[in-house]
Each structure stands twice: as structure tokens, then as C-alpha cells.
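Enquirer: Sequence:
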Amino acid sequence: MPKEEKHSLDKPKKYKIVISKDALLDIKSTKKYILDTFKYREYAENFSKKIKRQSRN
Numbered sequence: 847m848p849k850e851e852k853h854s855l856d857k858p859k860k861y862k863i864v865i866s867k868d869a870l871l872d873i874k875s876t877k878k879y880i881l882d883t884f885k886y887r888e889y890a891e892n893f894s895k896k897i898k899r900q901s902r903n
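Taking my numbering, the leading residue of the sequence shown gets 847, the next gets one more, and so forth.
It is worth saying that the hints were derived from the structure and are not from the lab. There may be inaccurate statements among the hints.
Derived lysine-lysine pairs resembling BS3-like cross-links, with alpha carbons at most 27 Å apart [to be verified]: (1) Lys885 / Lys898; (2) Lys878 / Lys867; (3) Lys885 / Lys874.
All chains, please: the whole structure from these sequences, using the hints.
Expert: What follows is the structure in C-alpha cells.
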């Protein structure tokens, strides 16, 4: 008879996540790009709305 394998599910394994300096720089630059892009996009949209509103008057 084959031996039954016992799977240990008692405690989950703990892993330590390590992020390289290059990855951290990529994350920071991506975050900055997103914040700048959407911030300026919002300014542009607001400006366009104001210009359209003024042109109607």
C-alpha cells in the first residue's frame, strides 16, 4: 500500500518581499507621471469649460 502524504496546512508560510532600488524608482516615476498627467488634465478641462462658458455669454 502507498504511504499517505500528510499536507501541512497548520501555519501559513511567511515571505519577506524585497523590492530593488530600480523598482522603487520606477514606481515613484510612474506615480509622479500619473499625478502630473491627471492634475494638468484636470486644469485643462476646467480651463476649457470656463472658456466655453465665457464665450456663450
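Enquirer: State for each hint whether it applies.
Expert: Quick rundown of the hints versus the structure:
Between Lys885 and Lys898 the alpha-carbon distance is near 20 Å, which keeps this suggested pair within the 27 Å criterion. This hinted pair checks out: Lys878 and Lys867 have alpha carbons roughly 16 Å apart, not beyond 27 Å. Our distance criterion of 27 Å between C-alpha atoms is met by Lys885 and Lys874, whose separation comes to about 16 Å.
Hint violations for this structure: none, all hints satisfied.
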